[in-house]
Every structure is written in C-alpha cells, then in structure tokens.
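Student: So the chains spell out like this:
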Amino acid sequence: MDSMDIAPNSNSPAAAKPIASGRPAGKAAANRPGAINSSTSALAAKDFGFEEARHLLWRAGFGGSAEQVQLLVRWGPEKSVDALLDFEKTPFTPVTEKDFDKDIMRPYTSEERQMQRTAAGSRDENTLAELRLRRQNAEQLDREQMRDVQRWWLKRMIESPRPLEEKLTLFWHGHFATNYRTIEDSYHMFRQNSLLRKHAAGNFGELLHEIIRDPAMLAYLNNNQSRKGKPNENLAREIMELFSLGVGQYSEADIKEGARALTGYSFKDDDFSFERGNHDTGSKRILGASGSLDGDGFVRVILANPACARFIATKLYKFFAHDYPSGDARLDAAAATVIRDMESGLSGGRFAIKPVLRRLFLSQHFYDNAIRGEQIKSPVQLVVGAMRSLNTPARDLSLLNDAMNMMGQSIFFPPSVKGWDGGRSWINTSTMFIRQNTLVFLLTGKRPQGTDALAGKEQLDTAKLITNLTDAFPGTSATSTSAMLDALLRFTLGRTNPGGRGELERLVAARGDKFDHDTMIDLLMLITAMPEYQLT
Amino acid sequence: MLSTAYTRRSFLSQGITLASASVAVPYFIQRTAFGLPHAEHGMTAIPGVDQDRVLVVIQLGGGNDGLNNVIPFGESAYYKARPAIGIREDKVVKLGQAAVGLHPSLAPIADMYNQGQVSIVQGVGYPNPNRSHFKSMDIWHTADTSATGDGWIGRYFDSECVGFGKSESGKGDGAAVKDANPQAGIAIGREAPLAMRGRMVSPLSFESADLFRWNGQDVDKTLEAYYKRIAEAGIAPVEGGASLGNSNSAFLTRTALDAQVSSATIRRAVAQKGAVAYPNSDLSRQLQMVSAMINAKLSTRVYYVSMGGFDTHAGQGGENGRHANLLGQFAQAVKAFYADLKAQRNDGRVLTMSFSEFGRRVGQNASGGTDHGTAGPMMLFGPMVNPGVMNAHPSMRDLDQGDLKFTVDFRSVYAGVLGSWLSADSEKILEGRYELAPVLKKI
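Taken in sequence, the protein lines are chains A and B. Per this note's numbering, residue 1 is the first one in the first sequence, and the count goes up by one each step. Per this note's numbering, residue 537 is the first one in the second sequence, and the count goes up by one each step.
No lab work stands behind these hints, which were simulated from the structure alone. Among the hints, erroneous ones may be present.
Said to hold, decoys possible - Simulated pairs of lysine-lysine, PhoX-like, Cα-Cα distance not exceeding 25 Å:
1) A:K457 / B:K757
2) B:K671 / A:K268
3) B:K616 / B:K630
4) A:K315 / A:K198
5) A:K418 / B:K671
6) A:K446 / B:K764
7) A:K315 / A:K418
8) A:K198 / A:K228
9) A:K102 / B:K671
10) A:K102 / A:K155
11) B:K941 / B:K671
12) A:K79 / A:K46
13) A:K514 / B:K757
14) B:K757 / A:K446
15) B:K627 / B:K616
16) A:K514 / B:K764
17) A:K418 / B:K616
18) B:K878 / B:K978
19) A:K198 / A:K418
20) B:K833 / B:K630
21) B:K878 / B:K809
Claimed, not checked - Sample of chain B residues lacking proximity to chain A, with all beta carbon distances greater than 10 Å (derived):
22) E743
23) F748
24) S931
Backbone N, C-alpha and C define an ideal beta-carbon position, used for all residues, glycine too.
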C-alpha cells in the first residue's frame, strides 16, 4: 500500500528535525490554560512537530504511517498542506466511465415499451409477469454492482496517494446525500461519485450547477417528474435547506418559485436532459431576484446570497475541524471567528475551496488542543484510518463495508438527504463493540465468527512498525518499555497518557518486557479498544 | 399532567448530567437499581396487566403471501386464481365460524387462537402501495408513505425521552436532553432496524449474545481482564481540552462502560435456558433470547426480531413446500415463545405483532409462485389481545390490477399498539391521526 509517493531521501538521517520541537510528548498545552487560539494566522513552522503533522494527516486525509507523518514533519506545514491539497499533482488511477456497467438498469427500449403497453391492454398476465421478472433480475444484478462500487470506493480510500481527494469526495457525498435505496441505479451512483471527486477541491459554485444536472440527484429528489404547472418542490427545497443556504434562509415562496425554475431538469438514460416542453419559462421571483430564471439562474441567485458562503464555511469547519456549535462557549467563540474568516474566503474567492482549506489547515486555531483529538471518527475514518496508519493486511472489503454499515455508515446509502449526523451519533453500546471488533479483525483476521482464511499468511508487520517508531522518536528502543509505549501511543492516539496506560504497562511486564509480535498485536488490540481510539 | 409526563419520560432517561462532575462518573453506578424497572416509571394502568409492558415486533421479510396465510376458503375466486398453490378447503385450519382459516402449517397459531390469544387484522396496507422491497419496508419502518424520517419505534422512544415527535428537524419540548436508557430497545440481528432508530435513541442490536462483546479475548484470553479495567478507567482529562462534563471524551467513557454492563447483563440473561424446548429455527432462537431477557427483567420496552425468505416468486408450494416451511417455522416459534413466557409468568405483559412489507398478488404466476403484491394480514399475540378475526377479508373481486385493495392502514394498527398498549401519544409519534385499531381486549 503506497501512499505519499514522494519517497523520503534515504541518505538523510531518519529525523533531520527534532520531533518533539520543545514540546512535551502528548497533547501539550500550547496555549495559556483556558484560552483557545482563534487565530487564522499560520502556525509557525517551528511549532509543527509530530503531533501536529499527525493531526493534519488524520484530518486532511485518513491518517498514515509513522514514516508518512515524519515526512510531513520534515516538509513543514506549508509544503505538507500543499502536497495534500494539490493532489492532482500526485499520480493515481484515473476513474473512467467504463469502470462499471451502465446498462443494467437501462430504460426500456421502444420494443419493450410496446410489449408492455400491449400486454397491459390485453391483460396478458404472462407477458406482464415475464417483463416483471426481467426487471427483478436486473434489479438483483444492479444490487450486486452497487456492492462492487462500494468495494471499489473503499479500496480507493485505502490506497489513494491523494487521501484528501477521497476525503472531500466523502464530504460532498454526505452533503449532496443521495441514497441508492431510493434510486436503485448503481451506475448513476457511480457517476455522481465521479462528479463529486472531479470537483472535490474545486469550486463549490460549479459543483452546485453540476448537481442539478446529475441523474442520481434528479431521481432521488424526483425532479425528473417535475413539470410546468405541476412542479415538484423537493429539489428546490433541499437545494436551499440542505445544500446551500440552511434552514430559515428562504421562504416557502422561494421554494415554489425555485421549483418552477428547475422544471424540465431531467435525465434520459445516463445523461442530463433539459425537457424544454416541461420547463416553466415564466417570470419568477426567488430570494429577491426576478426574471425568467432557469435552474442555473436559481443557482446563481443562491450563490449570491450571503447565507450560502456562511453555510458552506460552517459545514467545512464541522467536517474538518470541530462540531459547531459544540456547547463549549469559549470554543464556539473561537470557532465563530474562524468560520467567519472561511466565509469571507469563500465569498471573496467565488467559492474556490482550496484557498479556504489551505488557510484552515495552516491556522493556529486548527492545531489548538481544543480541536486536536476531539473529533469522533466516522466509521470510514476508523476503518480506513486504521488500515492506512497501521498498514494492516488488505482483508475482506465486503466484510469491512458490512461492518461500517453496522456502525451506521454505509457508503452510497446515507440514511436521508441530510447525510450522516456524525459526531456522537456514531457511538452507542452496539457500535462500540462493532468498532472494537472490526479493529480486531483488521489486526488479526479474527472474524465475528471464525477467522479470515489468510490470517496466518497475512500478518501485520509489527517489526516494521517498531522500526518506524524508533525512527520517528529518537531515544525509543524496545529495551525501554516506557519509551516504547510512549512512541506507540503518540502514534496511535496522539497522546501518551490514555486512561488505560497502566494496563498496557502491566501487560508488557507480564510478557517479560518484550515487544515481540504477539505482544505488539495484543497492545494494538487493547489500544484500539480504548475509548481514546475513537477520537481523532 | 406534568407529573405523568415526567414519569413517562424518566424510565427512558435515567441518565445523569455530568456538567458538574469533576470526573466522569460511570453511568451505571448512578442508576439506583440497574436493570430493574422503577415502579413510578410505569405506564397508565391497564386493569390486570403488569406495568412493565413489552412489545415484540416480528418482521417477516420478503413479502409474505398473506392470501395463503389467512385463507378466504369460501371464495371461488381464490381457487380460480390459484389452481396449483391454493389450499384446499379440507386442509384449511378453521377458526371457529370465521369466513377465513389458516394455512395448515399455521396450526400452532390456531391453537393459540382457540385460547383467545390471537388477533388477526386483514387487508393491512397503505395508499399507493409500493412493491419494491426496500421502499415498502422503509415505509413500514418509518410509518410514512414517503419513507423518510426516523423509525416509528425510535420516535416512540424519542417522545418518551425528550418529547420529540416525528420529523428530521424535530425539536424537543425544551426538556434537558438526558442520556437515554441504552437498553430501551433491543433488536436481534446484525444491524438496528430503521424502525427502532430515533433521534436520541439507538437500540442495542446483536445477532447473538456471544457477538455482543469484545472479540480480542477470543484471540488471547488473557486480555479480557486488561480490557475490562481499561474500560473502567475511562478517558483521562487533557489539559486545555474541552470542559470535561460535556466533552466527547466523557460521552465515550460513559458509553464504553454502558457497553460493558449491557454486555454482561444480556449475556447473563440469555444464558438462562427457557422453561420449554424451542424448535430448531432462527426465529425460535431469537425469541428464546427475548424471553430470557424479559425474564431477567431487563428494562427493555421493545424487542425486534425477524425472519426472511418470504419472497416466493417461484416454487412457492401450497400446503407443503417452501412457503409452508416458513409458515411452520413462524408458527412454532411463536407458540413456543408464549409457552415459555407463560411458564415464567411473563405472558400477560408481552404483546407481539407480526407484519410483512407487502402481501403478494392474488393470481399465481407462471413459475408456481406469486409476485409482489399489496395488502396482507397482521397478527397480534398475547393473552390480552382482542381475540378473533377483526375484520373482513379484502374483496377478491374488486382488485387493483390483480392486487388486493387495502382496508386498514397499517398506521392504525401502530396507533393501537402505541396508544392502548404503550400508553403513548400515537398522533404525535405517527404525525397523523389514525383510528386506533382495537388491539386489546376490553376488560
């Protein structure tokens, strides 16, 4: 699994830069106690150490190995953020139309439609049943392809040397939520995923113009059924409430008028189709603007509304930094400052995403203790993060998708058009066990029942992990339990003092103070079962 | 008024607010009688019924062919439409003088019927029926014909917890959000059904009690003790981190502890064997676990179990065969369940309801099976149900393109269960006024 393709210079010493950079290990108090850094000014390079690089990699990606974190430390904050953001510069497998079969759920041909009409008219139950059966077979096949597409995306998230691209695609998937269960067309879901990836770190305005042409979205929100005189309000409502402005920033009249503007926006087979005859060309008044607005006109009016930049800035902040509002007044005050800054970045930059994220990922606020280690990992972050950081063997992708489903996040199946609530909603007594047990599976191949067939052959390379840790943290060696545990915990949890630290020490002592393969696996199982491991 | 509202809510929200605690106190220690229902948290009294009432939902997945469950044996149209798979009148198990009878494999249910413990509601469905498995099941789970929103049972829990009703942007009634009882709902299965998922509350779900625990100890037994102590240690506060009481860390610590306690409690509960022998089927196994948990007096209000395989497009069989086998499993499981409950003196407080996402078409198809249809029967079980066949079979002549027309909206049955059995505000929970189906017997 190679990510971050740029190979480290093997001639230079393993750590050219002192990792600790003057700070005590673990979550150090960089600020005066009680104060939360709200500055959007860039973090000083000297303050960018292992903990900071690790935090960046987990937030602007899905985490990484100790080696990869070290690389970022050596690069410093600016180069690291650039490398993560300008991912188009890193080569990876392109996504093409041909990756999946677009004809499983193709519409009826004209012959088939004729057959249907004739059979219905003459009550020919046999033909009707035959057509129904064909449909059901196609649906079955399509469900299988949907699982293929799920596995394909999960694999991409695990393997991509451009993790932020996939993470942003995931963000947009939760934002422009579309559920396969409703549309039952796997190719359209794949197409939508490609669209989101294409614009992942691009321009939100462009993406909003594109999403009203996306067959999956149009089907999901019934806009293909919307016509002049009988407009369907679903897309118009959700595009304002959930995709751009937020609750309360528009009126019912705006929804009705917006729905008129979107009439005729439909699709034929796999492509957008503007049904001119269905489009209401009359004059409309939406969000204070008047004219014979069409769908694009509607989107332009939305983008010009100040609530839009504020809404998108808030969503990006919540996804990459911290829940907002959090309930903590000091934190919320600081967050509000940063969000305002992001908001003006978006509206001033005509909704280009990169500059706004660049500023956030470099800001002092982003590295404050109140932000670090305070985000509950989504199921995807948990699974993909564990695989990328611990280099676990590849394992069964179907089982992993199943596990994430049981944890509440089945990719391509968001529970509603609101996407996933995230945060604490990921955690309950059932999902705690599923999360822990999925890590046991990744670490050892132990399935809920039985064991992975390849468990014996494909083992986690604990020796390599130890080497990486000793490289990353000079002074670490297997002869000092305390130092080795420090290193392991800094790497896995971002802190050296979880509540269960004493138990880990006890375990190592009981194993004769040796960090052999079995002991390392045991330690990793215990660490990944800790409540702290659920945080990033 | 106020005090009733408080007590109804409080059985589900026995948590503590940690804002003032300097250390995350394990949730379970705060609960005065863990796992035991509190007397004052009972519901409005029903004469002769224990206040710790329980609802069990049995989901029959795939579209159960209701027409071959509850059979209108007097209708020639039935036999005309089903020359191969129709059940001969002399094989139909009669239900007293009723115009319908049961499939022979449902004989165990007929036994219960004869003891006044079965209520049959016919023609249950909803307007503009959807014949897609996913969509129709979602409709039944959300009690919403647009299949959006939280689950109906989830909303019941929410309304008990913070006064929410339905709707994704539902707002509570201003009461402080308390930690919900993590065991208010239990679903046996790999994932929590949508029906049980609310805004504030998630049910526990597990396939078997063995799986509702940490697997690491199966890899290395010695780890169990370390794991337990780690869960009890909780998350240590971090300098400069968020204020402890409210933080994600405190929440995670509490949940980790709850998980340990729930796991131990449930595994202890289901380790007790039932009072009767259960048949060997998956549904029986699930109901056996439910009976054990009820007997262990878990504070769980709703249990959800399920059985699949009903999508009988081909080779359905008639009095024998695929469908007959499924019905047999269903009936025998339910009968054993109630025999077990009765032996443990719990039957009076357990109401069970079965449903499927749709029935099937009236006419058999060219493959000896049936295709997706519309309305079908629901059954309710227990000594307190309104016994008998509640209504007439839908017309066999006035069909909707070969499908039965529904006569009872399923939300009426939900409303009856919510209102009469769980003493909840069905209108708020279902966000609509539905006539309460008379599910309980009149005392």
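Student: Compare the structure with each hint and give your call.
Tutor: Hint check:
no., hint, result
1, A:K457 / B:K757, "holds (22 Å)"
2, B:K671 / A:K268, "holds (23 Å)"
3, B:K616 / B:K630, "holds (21 Å)"
4, A:K315 / A:K198, "holds (19 Å)"
5, A:K418 / B:K671, "holds (18 Å)"
6, A:K446 / B:K764, "holds (20 Å)"
7, A:K315 / A:K418, "holds (12 Å)"
8, A:K198 / A:K228, "violated (32 Å)"
9, A:K102 / B:K671, "holds (23 Å)"
10, A:K102 / A:K155, "holds (21 Å)"
11, B:K941 / B:K671, "holds (19 Å)"
12, A:K79 / A:K46, "holds (14 Å)"
13, A:K514 / B:K757, "holds (19 Å)"
14, B:K757 / A:K446, "holds (13 Å)"
15, B:K627 / B:K616, "holds (17 Å)"
16, A:K514 / B:K764, "holds (23 Å)"
17, A:K418 / B:K616, "violated (49 Å)"
18, B:K878 / B:K978, "holds (21 Å)"
19, A:K198 / A:K418, "holds (22 Å)"
20, B:K833 / B:K630, "violated (37 Å)"
21, B:K878 / B:K809, "holds (14 Å)"
22, E743, "violated (8 Å)"
23, F748, "violated (6 Å)"
24, S931, "holds (18 Å)"
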